[in-house]
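Peer 1: Residue-level listing of the chains:
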Amino acid sequence: MSWYLLRRLGGMLVTVLVVSFVAYLALTFAPGDAAEALIGENASTEQVAALRSQMHLDAPLPERYAGYMVAAITKGDLGHSLVNGRNVTDLVAERILPTLLLALVAMGIATVAGLGLGVLAASRPGSHLDLLAMGGTAMGLAVPPYWVALLLVMLFSLRLHWLPVFGYGSMSHLILPAISLALPGAAMVARLVRSSVIEVKRADFVRTAAAKGLNPRQLMLRHILPNSLIPALTMMGLNLSHLIGGAFVIETIFAWPGLGRLTVQAIFDRDLPVVMGAVLAVVPLCLSVNLIVDLLHGALDPRVRHEAI
Amino acid sequence: MRAIARVAILLSIVIALVGCGQTQPTPVSGSGGGTLTRAMTAEPTAMDPQGAANSGLNLVLPYIFDTLVTRQRDGQYTGHLADSWQLSPDGKIITMTLRGGVKFHDGSPLNAAAVVFTFERFKAVGDKSPIAGNVKDIAKVEAVDDRTVRFTFAQPNASFWSTISMPYMGILSPSAVKAAGDDAANKPVGTGPFKLGEWKRGVSITLVRNPDYSWDPTEVENRGAVKLEQLVFKLIPDAGTQMSALQAGDVDVIFITEPSQMSSLAQDKNVHVEPVNLDSLVYLGYNCAKAPFNDTKVRQALSYAVNKSEIVKTALSDLGIEAGTPLPPSLPGYNKALSSFGQGYDQSKAKAMLADAGFAQGSDGSWQRDGKKLTGRLLTSTRSPNEAIATVLQSQLKAIGVPVEIQQLDSSAVMKATTEGAFDLLLWRYDWNDPDALNIYLSTSRIRQTNRVFYSNPTVDALFEKGLREVDPTKRGQVYEEAQKLILADAPWQPLYYPMEGMVSRNRVQGLKVGSLGRMLVNDVTLSGN
Chain A
1 MSWYLLRRLG GMLVTVLVVS FVAYLALTFA PGDAAEALIG ENASTEQVAA
51 LRSQMHLDAP LPERYAGYMV AAITKGDLGH SLVNGRNVTD LVAERILPTL
101 LLALVAMGIA TVAGLGLGVL AASRPGSHLD LLAMGGTAMG LAVPPYWVAL
151 LLVMLFSLRL HWLPVFGYGS MSHLILPAIS LALPGAAMVA RLVRSSVIEV
201 KRADFVRTAA AKGLNPRQLM LRHILPNSLI PALTMMGLNL SHLIGGAFVI
251 ETIFAWPGLG RLTVQAIFDR DLPVVMGAVL AVVPLCLSVN LIVDLLHGAL
301 DPRVRHEAI
Chain B
1001 MRAIARVAIL LSIVIALVGC GQTQPTPVSG SGGGTLTRAM TAEPTAMDPQ
1051 GAANSGLNLV LPYIFDTLVT RQRDGQYTGH LADSWQLSPD GKIITMTLRG
1101 GVKFHDGSPL NAAAVVFTFE RFKAVGDKSP IAGNVKDIAK VEAVDDRTVR
1151 FTFAQPNASF WSTISMPYMG ILSPSAVKAA GDDAANKPVG TGPFKLGEWK
1201 RGVSITLVRN PDYSWDPTEV ENRGAVKLEQ LVFKLIPDAG TQMSALQAGD
1251 VDVIFITEPS QMSSLAQDKN VHVEPVNLDS LVYLGYNCAK APFNDTKVRQ
1301 ALSYAVNKSE IVKTALSDLG IEAGTPLPPS LPGYNKALSS FGQGYDQSKA
1351 KAMLADAGFA QGSDGSWQRD GKKLTGRLLT STRSPNEAIA TVLQSQLKAI
1401 GVPVEIQQLD SSAVMKATTE GAFDLLLWRY DWNDPDALNI YLSTSRIRQT
1451 NRVFYSNPTV DALFEKGLRE VDPTKRGQVY EEAQKLILAD APWQPLYYPM
1501 EGMVSRNRVQ GLKVGSLGRM LVNDVTLSGN
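These protein sequence lines are chains A and B, in that order.
Heads up: the first sequence runs through residues 1 to 309, numbered per our numbering.
Heads up: the second sequence runs through residues 1001 to 1530, numbered per our numbering.
Hints are supplied without guarantee of correctness; some may be wrong.
[Stated by the list, open to error] List time: in silico DSBU-like cross-link candidates among lysine-lysine, alpha-carbon distance up to 35 Å:
1. B:Lys1475 - B:Lys1136
2. B:Lys1178 - A:Lys75
3. B:Lys1200 - A:Lys75
4. B:Lys1195 - B:Lys1290
5. B:Lys1313 - A:Lys75
6. B:Lys1297 - B:Lys1227
7. B:Lys1187 - B:Lys1200
8. B:Lys1313 - B:Lys1398
9. B:Lys1336 - B:Lys1136
[To be verified] Taking CB as the label site, the calculated pair distances span:
10. A:Val22 - B:Gln1267: 42 to 50 Å
11. A:Val22 - B:Glu1221: 53 to 61 Å
12. A:Leu104 - B:Asp1524: 26 to 34 Å
13. A:Ala49 - B:Asp1074: 52 to 60 Å
14. B:Gly1101 - A:Ala49: 58 to 66 Å
15. B:Ala1422 - A:Leu97: 36 to 44 Å
16. A:Leu101 - B:Val1273: 35 to 43 Å
17. B:Ala1422 - A:Tyr146: 29 to 37 Å
Since the hints were derived computationally from the structure, they do not count as laboratory data.
Ideal Cβ positions, reconstructed from N, Cα and C, are used throughout, including at glycine.
In isolation and in its complexed conformation, chain B is listed as follows (with noise of 0.2 Å):
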C-alpha cells in the first residue's frame, strides 16, 4: 500500500514539473513510408461534391476529383481536365475542349458526356452548394462531340472560370454515380490523383493512390502518378492537440490558424512553417440602416479611429497582411493605391469627422447628438482570433471617446442577427475566390442575405453587374477598381487584414506547396526517413 502512494506521490509531482523541463525531445519515425497524414479540424459531411456546402468538403474532394480548370496561386486560370477553349465575340459561348486518354477510377473514359452529366446532376441536386447561382447561370451544356463542350450562356458570366474550379465542380464519372445509387455521398469516383480507401467515421478518411495518373495541374513538377502510397486525413478538432500531435509525430502536415500557434512552431527545428494567402478579408462593418451609422461620416470616423498596423502585431503575431481595400491581393480587380480612398489611422481626423456630423464632446470624453450619446454593440463569432482583435478595435474606439461593447455569439448566431440588422459594429470576413465576392457582399439585392451591412449605392451595384459580365480580365479588374474607390468612401466597411494561415509539416516531408484557396498539393511529395 505504502510502495504504491509513493509512485503515486512522485508521479503527480512528476506531472506537475512537466511545464519546466526543457529537453530536447527525441526525434520519431513517422507512420510507415508513404503514407502522409494531416490533420484536418472538421470531418466533411459527405463526399458528394454536389450534395453539401460544408468548408470541411473541399478539404478531401480536391483529391479525388478534377476540374475542368485550375487556378494558380498567380490567380490565372490553367486547363486541367479542359485541353483549350474559346470564347465567342459576344461572350455567351464557350467551347472546351477536353484532355484525351483521361480515365476516372472505375476506368470508364473522360468525355463530353460526363462533362454534361455532372452540370445536369449539379442542377437537379445543387440546391445547397455555395455556388448553385452561378452554375444555375448557364444556360446550356452539351456535349459537341466526344471531347468537345460547349457551355451557352444568357448572359456572359465572368464568374463562370472560378465556379467551374472550384472542387465543388468536380467531374463526376456518370457510370459510377448511376452504379452508386443513394448511395453516391459515400462512393466519390473522380479522375484525381487519389480515390478512397476507408473513411472511418469521427475518426480518418484514407486516400490511396490512383497509379494512373498523369494529368497533373500544371502547377507542379510531378507530372505522373503521385509518389505517396496514401494520404491520411485525421480528425482532431481541438487545436492544441493537433500542435502536439505534429511534434509528437502522429501527424506530419497541420495547418494553423491561431497566432499563438505560429510563434512556438517557428521555434521548433523539427518542422518547417510556411505562410499560407487566402482570399479573404476581415473587416469592420458598420450597420448602414441604423442611426447613427446610417451617416457616412460617423462611419469614416470611426474608420479612422482604427489602427490596423497595431492590430495585425498585437492580436494576430503578424498572422495577417494589412488591408487597404475591400479586394485581397490575390484577386483581380486589386490595387494596393486604392487604400487612399478609405480611411488611414488618423484620430484628430476622426474626432474633426465626429464634430463635423454634428456631435459634440462632453466633458467625459464621450460624444453626444441630440442628446443620444454615440456608443454601440460590436458583433463577432467566438472564432478564433475575434475576440482579441475586437478587443483593440475596443480600445482603438475608446480612445476617441466612442465606448463600445463586444458581442460575441457561435457563427450561425451571428449570421442570423446580422441578416436581421441587430447589430451596430460588426467584425466578420468573407472568403471568395472571384471579385464577385464584392456583389455577394455588398450590393443592394443581397440586402438581408449576405450583405450584412445593409449598404446600398445604386452606382456601385450597376459596377458589379458589370463586372459580372466583363470577360476581358483587364477591363474587368478595372471595373472593380472603380467600385472599391466608391466603396471606400462610403466606407460600410473598413478593411482590417488579410488572413493568413500557416501549413505545418515535419521535416521528413519534402516537396509540399500550397495551391489556391489555400489547397496543400501533394503531387510532388516525397518522404525522408524521419
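Only chain A is shown next, with the shape it has when bound in the complex (with noise of 0.2 Å):
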C-alpha cells in the first residue's frame, strides 16, 4: 500500500514538472511578451527594451524556468505578477477560492442529479421515462455550458428576476453558474450509471439475491448499487478536471472571481508567474483528486485492492 502511494506521488510530481514546463515553455514562445502586452500600442523600442530588462525578461530561458522553479519548490515563492506587482500566491489563493466552491458544488449536483436519473432511467429500461431522461442526457452532453448558462440567465434573471444575472457573494449567486457547469457531467454519469445498474441487474448475484427474496430495495441499495458506482466514482474524479476547465468560460460569462478568469486574463497579458502560479495549483490538485478516487476505486472494490494495490 505505501510503496504504492509513494510510486502515485513520484508520479504525480513528474506529471507536474511536464506539465509546468510545457506552459511555461508555450507562453515564452506564444507571440509577444508582457512587456509589449503590458505597455501597449504606443510605446517605443527603448520603452519596451527597458522593461524587458526590468522585468527580467531577457535573461535565456532554461535559466529563467529553473529559478522559478527552484525557488517555487524550495520557498513556495511563486513571484510577482508582471502586470500588477501583486505576490502570485496571493493571487492563486484569492481566487481559487471561488473557483473551488463552484466546481465542488457543481460536482454535488451533477453526483446527484447523474445518479437519480440514472438510477431512474434503469428501473425501467425502454419505458418512455427512459427514452427521455436518455434523450435529455444526450442534449445535456451535446449542448455547451455557456449556451445553458445563457438560457438560464434568460429564464431566472430576466424573465422571472429569480435569481442575479452574474457576481459573487451569496448562495443566489452561485445557482446559475453551478447548474450550468453541472451538466454534462450530471448526463455523462446519469449514462453511465443507467447502463451499469443495468448490466448488474442481470448479474448471476443479483438473481440470487433476488431468489431469496430481498424486496426490490434492499437488492437495489445493497447490491446493485455499490456495484454500479465503481466506474461512476472514476467519471467523477474525472470529471472534476473537466469542471474547472469549464469554469474558465462560466467564470466570464457570470464574472465569477475565479482561478478561471484570471489565468485567461494573465494569458492575454502574456503574465507568465500568474500562468505558471494556477498550472501549478490546479495541476497537482487534479491529480490529487485522481489518485483519491483510485484509492476509494479500491476501497469500493476488494479486487482492485489486490490487483493493484
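Please assemble the complex out of the two chains, which come individually in their own frames, going by the hints.
Peer 2: Below you can see the structure in the form of C-alpha cells.
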C-alpha cells in the first residue's frame, strides 16, 4: 500500500514538472511578451526594452525556468505578477476558493442529479421515462455549458427575476453558474449509472439475491447500486478536471472572480508568473483527486485492491 | 422519485422554450438611492495614474484625480485645476496660475509644489506610461509662487495640452503619496469628485462622493459636489452578460462596441442609447516594405477596391462613420475635403491601377506580375468586430481578383508580427487624442515600433516635426492637413471608419453626459425611482 502510494506520488511530481514546463514553454514562445502586452500600442522600442530588462524577461529560457521552479518548490515563492506586481501566491489563493466552491457544488449537483436520473432510467429500461431521460442526457452532453448558461440567465434572471445575472457573494449567485457547469457531468454520470445498473441487474448474484426473497428496494441499495458505482466514481474523479476547465468559461459569463478568469486574462497579458501559479495550483489538485478516486476505487472494489495495490 | 422526474422534465422544457416567449419584463427598482453602477470589461491593474499603461486604468482615475486642463468634446482645452496660463512668444515657456481653494481628499491644499511633485514623480516612475515621451520633453517644471507653475521646454511642444489633459497626468497629493509609500498603487488621493471607497479585486470598485468638491470642469452644469452618493464599477468581462445585467437592472450603464448589441438595445424601451464618438480610426494598412505592397500603385489599387459604406452598413450596423482621412473629426487638422486626395470606391480604377503597375489579369481573374500571383495575408486581432470587417474586405478584394487570406491573432501577437513585418495587409486601429498620432504611427523614426506599416516619407516626417513644434492651433491644423494630403496619396493606410461606442443607460439615470475620450461625465446625474 505505502509502496503504491509512494510510486503514485512520484508519478504526480513528474507530471507536475512536465506540465509546468510545457506551460512555461508555450507561454514563452507565444508571440509577444508581457512587456509589449503591458505597455501597449504606443510605446517605443527603448521603452519596451527597458521594461523587459526590468522584468527580467531578457535572461535565457532555461535559466528563467529553473530559477522560477527552484524558488517555487523550495520557498513556495511563485513570484510577482508582471502586470500589477502583486504576489502570485496571494492572487492564486484569493481566486482558487471561488473556483473550488463552484466546481465542488457543480460536482455535487452532477453526482446527485446523475445518480438519480441514471437509477430512475435503469429501473424500467425502454420505458418512456427512460427514453426521455436518455434524450435529455444526450442533449446535456451535446449542448455547450455557456449556451445553457445564457438560457438560464434569460429565464431565471431576466424573465422571472429570481436570481441575479452575475456576481459573487451569496448562495443565489452560485445557483446558475453551478447548474450550467454541472449539466454535462450530470448527463455523463446518468448515462454511465444507467448502463451499469442494467448490467449489474442481470448478474448471477443479483438473481440469487432476488431468489432469496430480498425486496427490490434492498436489492437496489445493497447489491446493485454499490456495484454499479465503481465506473461512475472514476467518471466523477475525471469530471473534476473538466469542471475546473469548464469553470474558465462559466466564470467569464457570470463574472465569477475565480482562478479561470484570472488565468485567461494572464494569458492575454503574457503574465507568466500568474499563469504558472495557476498551473501549479490546479495540476496537483486534479492529480490528487484522481489519486483519491483510485484509492476509493480500491475501497469499494476488493478485486482492485488485490491486483494493483 | 416520479414527482421529481416530472419537475425536472418540465423545467427542461421550459428552458428550451424561453427563447421563444415575448413577454414584457417587469421593471425592477434600481440598486439604492444614490448609487450609479457601471459595468467594466477589465479591471485596472493599479490606481496609481503614473504606474501602468493599461486601458482599464483611465476608466476610474478621472473621477478620483483632476487634471490641469480638460479637453472638451469639441477638442478645445479649458482650464480645470489651472485657472489661466501664458505662453512665451518663443513657445518655450508656459506660466500657469492654479485655481485657488482646491483641496485634496486628504485635506492638503492644491498648490504649485503639488504640481511640481506630480511631474517629477512621473519622470521617475512613469516609464510604462503611454505619455512618458511627452512628459520627458518638458525640461523643467518649477514653482514660481504658491499658485504659479512654470513649464520650460527645450523646444516648443504642441502636444503638451493633450498630454496634461490625460488621466495619467492627474495631480497627486504629495503628502498622501509619501504616506502611502510602496502602497501608492492602492491608495489614490486626488482632488476629484469621488474618493476611492472599496476595491474588491476581481469584483468591483466603489467610489464615494467628495462633499467638498466645487471645481467642476466647464462642460457640466452642476459646479459643486456630485449628487450621487456612490459610483460603482462592476467587473463583467463578457459583453453578453453586461447586456443582461443592464436589462435586469443590476447595472445602470454599459458601454457597447458590438454592432449586434446596438440594434437589439435600440428597441428596448427601458434604456437610452447615446452614440459616443472616439478619437480613433480603423484602417487597412499595407506593408510598405514588402513586395508588391512597396509599390504605391498596388496600394492605391487595393484601396480603390474598398467599399467603405458597405463595411459600415453590413459589418458595423452603423456603429461607426465612414472615414476619408487619417485624422478623425474630433482632432485638429481634420478636413473632410481632404478625402479627395485618397482612393474612393472604384473597381475599374482599381483594375486599371493594377494593369498600370505591370500586372496582367489571367483567365481566372487573378493578377500576375513576373510570374507571381497578387495575393496576401490580411492580419488582424480577434477583437470584435474585426472578423466581420476582414471578411467584407476579403470579398471586396476578391471582387477585383485579389484573393487574401485572413489571419486573426490576439492583440499582443498582432503587435509582435507587425513590428517584425510579418504581414501583407493589416486591419488595425489607433486611439489618440492629438494629431501627433500621425507622427506616432507613420513617421520613419517609429518604424518597427508604432509605425506598423513601414511607411516612410521624409517630407511627411518634416511636417510631423513642424506640427509638433507649432503652438498656434490654426497653423498647426494646416500643417497636419498638408501631411494628410501626402499620406493619402502614398496610401500606406486606407482609412476605413471612425469607430463609435454606445453608452447605454437605464431610464432612471438622468443627466448623464459624454466627455472627451468617451468618458462618462456623472456630475449632473440624478437618479429617479426606476
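Peer 1: Decide, hint by hint, whether the structure agrees.
Peer 2: Hints versus structure:
no.	hint	verdict
1	B:Lys1475 - B:Lys1136	25 Å, holds
2	B:Lys1178 - A:Lys75	32 Å, holds
3	B:Lys1200 - A:Lys75	28 Å, holds
4	B:Lys1195 - B:Lys1290	52 Å, violated
5	B:Lys1313 - A:Lys75	58 Å, violated
6	B:Lys1297 - B:Lys1227	58 Å, violated
7	B:Lys1187 - B:Lys1200	14 Å, holds
8	B:Lys1313 - B:Lys1398	19 Å, holds
9	B:Lys1336 - B:Lys1136	34 Å, holds
10	A:Val22 - B:Gln1267: 42 to 50 Å	48 Å, holds
11	A:Val22 - B:Glu1221: 53 to 61 Å	59 Å, holds
12	A:Leu104 - B:Asp1524: 26 to 34 Å	47 Å, violated
13	A:Ala49 - B:Asp1074: 52 to 60 Å	39 Å, violated
14	B:Gly1101 - A:Ala49: 58 to 66 Å	45 Å, violated
15	B:Ala1422 - A:Leu97: 36 to 44 Å	42 Å, holds
16	A:Leu101 - B:Val1273: 35 to 43 Å	37 Å, holds
17	B:Ala1422 - A:Tyr146: 29 to 37 Å	33 Å, holds
Of the hints listed earlier, those the structure fails to meet are numbers 4, 5, 6, 12, 13, 14, in rising order.
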